[in-house]
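Quick mapping for you: the protein sequence lines, in order, are chains A and B. Count along the first sequence from 1, then add 18; that gives the number in our numbering. Count along the second sequence from 1, then add 1490; that gives the number in our numbering.
No wet-lab data here; the hints were simulated from the structure. Hints are not guaranteed to be accurate.
Below, simulated SDA-like cross-link-like pairs (lysine to any residue); rule was C-alpha separation at most 20 Å, straight line [said to hold, decoys possible]: (1) B:K1622 with A:N245; (2) B:K1569 with A:L375; (3) B:K1622 with A:L375.
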Amino acid sequence: MNKNSCFQKKYSFYLHVLFFYYIILVSSVFEASAQSEVTLSIRAGGSKLIGIGIEGFNTTGTSGLISEVKSTLADDLNYCGLFQVKEIPDSLQSASQSMFEIWKAANASCLIYGIETQNSTAVSVKAIDLKTAVTLFEEEYLIIADRPWYTAHVIADDIIGIYNGVRGSLASQIAFVRSNGEYKDLFLMDPDGRRRRQMTFSRTLNLSPSWSSNGESIAYSSLNNENWAIVMINVNTGQTLDISQWPGLNTSPSWNPTNPDIIAFTSTRDGNAEIYTCRRNGKDLRRLTNHFGIDSSPTWSPDGSKIAFTSDRSGMPKVYIMNSDGSGIRRLTPSLDTYEDSPCWSPRGNLIAFVILSDYGFDIATINLNGDEMIMLTYGSGSNENPKWSPDGLKILFTSNRLGGKNLFVMNWDGSDIRPLTKDGNSLSPAWAPTSSGDDIRVSSRR
Amino acid sequence: MYKKGNVAVVFVLGLLLTLASFNGCAKKKAETPPPKPAPVVQEKKPAPKPQVKEPERKIVEKVAISESQFNTVYFDFDKSDIKSDQRSNLSNNARLLSDNSTIRIRIEGHCDERGTDEYNMALGQRRADAIKQYLIDYGISSSRISTISYGEERPVSSGHNESSWSQNRRGEFKITSQ
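Here chain B stands alone, though its shape is the one from the complex (with noise of 0.2 Å):
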């Protein structure tokens, strides 16, 4: 008895040691199963938000349209028609408004950094006009259809040489509602 209550006061005090010594790792293993329940409560917490969301899903179902899926339009220095490599990219856009025709758009017309930015401001508007035009022409009711110049203000590329420039010339479609 006396022996085996020496080896358990042994075994107790080994496992309380060992249980010491792992005190770090056994708080952090004591502590792993909470996140378990964690992601549960995070789950839990956009659960109203769906309830919300569910109405705009439905709406999204039917667009099914992003700014992404237009394409942007480029042009050729100091000049505003839709070149004839161009077209297909406009037509694209064209279509996509005509799928969907409760979508408004904004056409952003862009010039490149060379030209004084008073013309470019006007360069930039003409741009925008003649890609609303075109879509005009193509059945797109102009009410759906706002532009606007950005002459040189917005470039989307910084450089200094022709393949910057001709990245920066362009029409983008931006949608003002849904």
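The shape of chain A in the complex, shown without the other chains (with noise of 0.2 Å):
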């Protein structure tokens, strides 16, 4: 028995495999189908990128910060997992057409144009449609000299948002646990994985970050005094506080991400692991759960009305939803002798991402709320866990030691364009804080 047909048995519905656009039936679909309750993919392609030109950018001063804002905004818009950058063919650099057909001969749709203004401390940047020369937008951004990148990742984001209804996440940053000998301590880094930053320095353990809603707070489980404990630190001070002020184990914060006054998370301060919230000041605690087997992990839909855990209550540890008071308990993933943890809920509230056990290790799987749709994203390489979506909902953030050690990888919604973030294995459990606005740098919003 050869591993697909295995793995196919083991879940007892059919699998078909998209790859590289091509849906491939693995094996028997008719005897399977019978059994069918849910469809399985497994996802290695990716959905078609959208052609960007990137022109302009050019500077009369010598501080060369225009032309970083210019490369940094294209290693952005290839990074987002929906455009691919075009340059123009050296065939076509003589070309008498217009900038537009040029363009549109190296197979752009979309045109990002760049001016410099005030003396090249500011960049306004207009977004055109090349199909219809609509003017998509046109923004004005200062650029501040320590941190050019940073208007890049503004200005990719504002882009992101055109074609994707939810703004951009690069200009935000990603927090993660790093191992250093027996101590795990808090780290930041941009989504890009440049400019790493230590978070704490406590000598003990630190895991599982969750940011708050305003992006200025992370919630993380601390060994306090042989107590594990739900720690709150200050992104911008550094101050801490203990927000569980009351024995045994309390783990995996779960920020709502409507109200950045309440928190989610596991604790067995009644003897079980049974799932809580709180308020951020450890007051108002609300037990969710009930149950002898164990709950864990909590994750918010987007709007803050829903909770999905994990709980090992059949047996063996799967993925349920729950309304945010604790009513109308149901299983999510379906009921098979599989292992299956770490839901993570999609900006959008669409799917939940999670891991799955299967022949090769744990592996990271999308599932939709009806349960009967479910997409492998990866597979056949290590073990994968710890998803996190980026909050425009393209990116999936997880913990992997496909290159030996614990990494952290991103890969796009489907799947595709799977980038490590780190290499020195010992990083792992990642959380992609919310977007800037950018209006710190954004002329019209200053005005």
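Could you use the hints to bring the two separately framed chains together as a complex?
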């Protein structure tokens, strides 16, 4: 029995593989579809990318800031999962056509045009749809001398917003855990893996970071005097606050995405691992689950009305959904003999990413809210855990040992374009911060 | 006399030369005796310590328990029930606690690297709790037992195969007070 048929038999439903846009039925559909409840796909392709051109961004000054904005913008657009930045081939360089015609010939459907303003301290950016010649948006951004890349991230997030409906996630940061011998501390880095910096220096174990919806604070689980506590750290001041003033195991905090005052978490304070919510000062504690099984790893729906979580109440860990008051508990993932854990609700609300134990180890999958369409995003390459969505819903961060050790990776939401973000072998448990509005450098917002 | 004096001078010179040529050795030899008193000094130095240690020894004689006498209890993957082949390990620990009623312990629950950190943290707690419940059922007072989970944070074996995993899925006993 080969690995695939074994895998298929384990799931008792048919398996189809979407591989570079071709759907391949891996094995006997007829036999298996009789038992079929769920469609399982393995995806290794990707959505079609939008061709985009970048023009202008020339400077009369000598600081080189605008050229750094341009190169970072190109990296961002190539990275975000929606676009492919086009270059004008040499054959078109000397053509006598208009700029729009040249970019169309280079397979771009959108052109980003930048002109420096205010003595090279700002840039005015236009996005033009090349088919209709309609200006999609026009905006002027300040360039801050010690961080021109930030201007590029905000521009990229605005361009992504036009096509995605939700602004991009590049003017943001990623919190993660890095192990250093027996200690684990929180670190931050930019979404492209650059500018890594340490957040905690506590000489203990700090795990499971979760961002507040306003991006000001991170809640995490910390081993504090032989007790696992939920701790909150202010990202700007570094001040910490122990939220859980009670004994027992307190782990897996998850901040309500609509209310920065409410946190869900797992606690054994009443004897068994259950899910609770409380305010950020630890008050107004509410117990949501009441079952002798393990209930852990809560994740909120984007509107804050529901919570998905892991429970082994059926005998193995599975993903469940309940209302945020604890009512209406239902199992999301199919009733099969598999181990499923670590749910993360997508920012659009329609999918939940989670971890499933396959023949090859742990893999990342997504499932819709009906529980009838599951897509494997990783498969056959190391053990892959801790899926976390980017705020724009285009990317999924995860931890994998595919390069040896534990490293952070990022992929498009459909499983394509997997990129490593760390290579030290000691990084895990990522969490993507809410995106900056960019209003601090948007000239129109500052007037 | 003169001859005798010559012989005496030669003898004395020869002796001096001999001593000089063996100077290094002679010094070493000369220094070797002091190490003999040195141990005496060392023996004298710790002498005050036994006065402090003696009461401790008396306690140790009474209790005579070390952490290594407690067996580690092993678990199956994603399970927290005490396996039948682990009951003798655990009943030995229970007997030790029963015979030494002043000892307080902390049970540390651990998991293998498979599974998500957060779920494993809860699973490790459940393993520690299962051991605690066994001890309570045996008659050990729950006030003597604390528990903590380390999830998959503290493996004893760093391999990525079943032989390592099986060693890491465990409950350990730590003495918190004698």
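Hints versus structure:
no. : hint                : result
1   : B:K1622 with A:N245 : holds (17 Å)
2   : B:K1569 with A:L375 : holds (16 Å)
3   : B:K1622 with A:L375 : violated (30 Å)
When the structure is compared with the earlier hints, a violation turns up for hint 3 alone.
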